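The lines below spell out each chain.
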Amino acid sequence: MSTPRPARVIDARYLAPPEPFEATMAMLRMLEPGETLLLRLFREPHPLYRALARGGHAWRTELLSDGTFDILITCGGAAPRDGEA
Amino acid sequence: MRAALSFDSAPPFAAPLRFFLTAPLFGVLAGLLLAFDGGDALASRWSPAALALTHLLTAGFMLQAMIGASIQVLPVVAGASLSRPLLVARVVHPLLSGGALLLAGGLRWGSGFALESGALLLGVGIAVFLGAAVVVFRVRSTSPTIRGLKLAYVALGVAALLGILLAFALARGWPFELVALTDLHAGWGLGGWAGVLLAAVAYVVVPMFQLTPGYPARPAWAFPLAVLGALVVWGTSATFGPPWLVRLAQVFLAASGIAFAGLTLKLQAQRRRARADATYRYWQFGLAASVLALAMVASATLFPALARHAAWAPLVGVLLIIGGFVSFIAGMLCKIVPFLAWLHLQQLARTRVPSMNQFLRDDETRRPWLAHVLAVVLLAGAALLPVLALPAGLAFALACGWLGWNLLQVVRRYRRCVATVEQGRADDGTPREPDDGAA
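Line order of the protein sequences matches chains E and R. When we follow my numbering, the leftmost residue of the first sequence carries the number 1, and every step to the right adds one. When we follow my numbering, the leftmost residue of the second sequence carries the number 1, and every step to the right adds one.
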């Protein structure tokens, strides 16, 4: 990912649902607008995307060769959203 | 405060549930038909009973479960929501149910009218579903799952068209190459539709529910395209090309399936969930049976003398359709139905609800799984020893009935929890927490 790795990372690749969703939303409540959070999963979290869009957050997703989806979330919609990702 | 799951686009529980509860009933019917028909049913892939059994399982059990699962997972795994999922389910479910019954009846008792009307009902049901599922073609393929879903739906359309053509050709005696057309229909149905849909969903649910590593991106992107590409080569070569190209495409398809199964077994070996649950057990068995079946397909393609043994094709069918696909679906149903019950209850209650495992305990799934394994062993035996057809059919009916009973228990426990929550609202305006005993 071209963006520098943020200090806050939720590695949810081995967490069962709904833990990744809950952990991400809890972390976002602690962030200031413009701060970033990296969520790592083995799937694209479309329900989370909808919650992020409703909350005015932005995100950018990259699929890595090992099957990890890196989702860089910017709190408060300070960066452009990654299309319909 | 707990964050509420994003729920706005989830279809109502009733939309997929009717398909999930109907699927095992087709398995029960198939088992009873085999028990009733006895050894002749598996004597050849072309016997009326074998054709009826095959379609009770593919157009009945499998199609019901896979359409129900599609309605449920499209918003979750592809971000594509059907606009009116409950209406789609209400229209598609009776069309598919009636169509599969008529088709199987037409094949079993040689009724051209039942055959044609069954194929048409199935065709209309599939067309209505595909018309609704066209939303997935409007989203970008940002993951191998989305690409897989799109290609699986294309394959479903092709398989359905070939099936309708075959039904009319059989009923009216049209001069087609029925064997080649049937093989192609089976290839698009089992490989292109069922196989690719299974892989597309597995990319998400195997890591999610079994806590395995993810599927590596490159093979995950390639598998759906490889399967559809091989099917196109097979279809065009069967008409215009040399026969060896048809065989090459068939071997390539079988090898692709074995590679997918091998990769899934490798990922499961690295899972972080220490305890084996129902889904894991069904999938391990299904993957082993599929590898065996696909190895037999590849062997018979390379050495056609093998396929001339009357038991060869029925054995492949038992291992691939019942040992493989029915196992995968049964394992998924044991996980997805309790998960949906938990999800919908959480949304309704907006407070603590019983855990997913309390809707269907692991010990309740163990004996139905053993019954399923026993049924597959007996069915495989029945392909070789016709005397086993009666116990094999009864064992399979029992295994499917047990699965259906377990799913009904989940619904019963869900309804009891919903009643507790609503009673609390009626009493004091706040939803009451359903305790663990309520589930």
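These aren't lab readings, by the way, just hints derived from the structure by calculation. Just to be clear, a hint being listed does not mean it is correct.
Said to hold, decoys possible - Chain E regions said to be covered by chain R (calculated; three or more residues, Cβ under 8 Å): (1) 41-53; (2) 57-66.
As the list claims (entries may be wrong) - Only part of the chain R face toward chain E is listed, based on derived beta-carbon distances under 10 Å: (3) F36; (4) P144; (5) A222.
What the hints assert, rightly or not - Chain R residues, not near chain E, derived (Cβ > 10 Å throughout): (6) V76; (7) V77; (8) P207; (9) R272.
Predicted model, so just to flag it, every value in this text is computed and none were measured. Even glycine gets a Cβ: it sits at the ideal position worked out from N, Cα and C.
How the hints compare with the structure:
no. : hint  : verdict
1   : 41-53 : holds (count 9)
2   : 57-66 : holds (count 5)
3   : F36   : 43 Å, violated
4   : P144  : 8 Å, holds
5   : A222  : 13 Å, violated
6   : V76   : 6 Å, violated
7   : V77   : 7 Å, violated
8   : P207  : 4 Å, violated
9   : R272  : 5 Å, violated
Violation of the numbered hints given earlier is confined to hints 3, 5, 6, 7, 8, 9; the remaining hints are satisfied by the structure.
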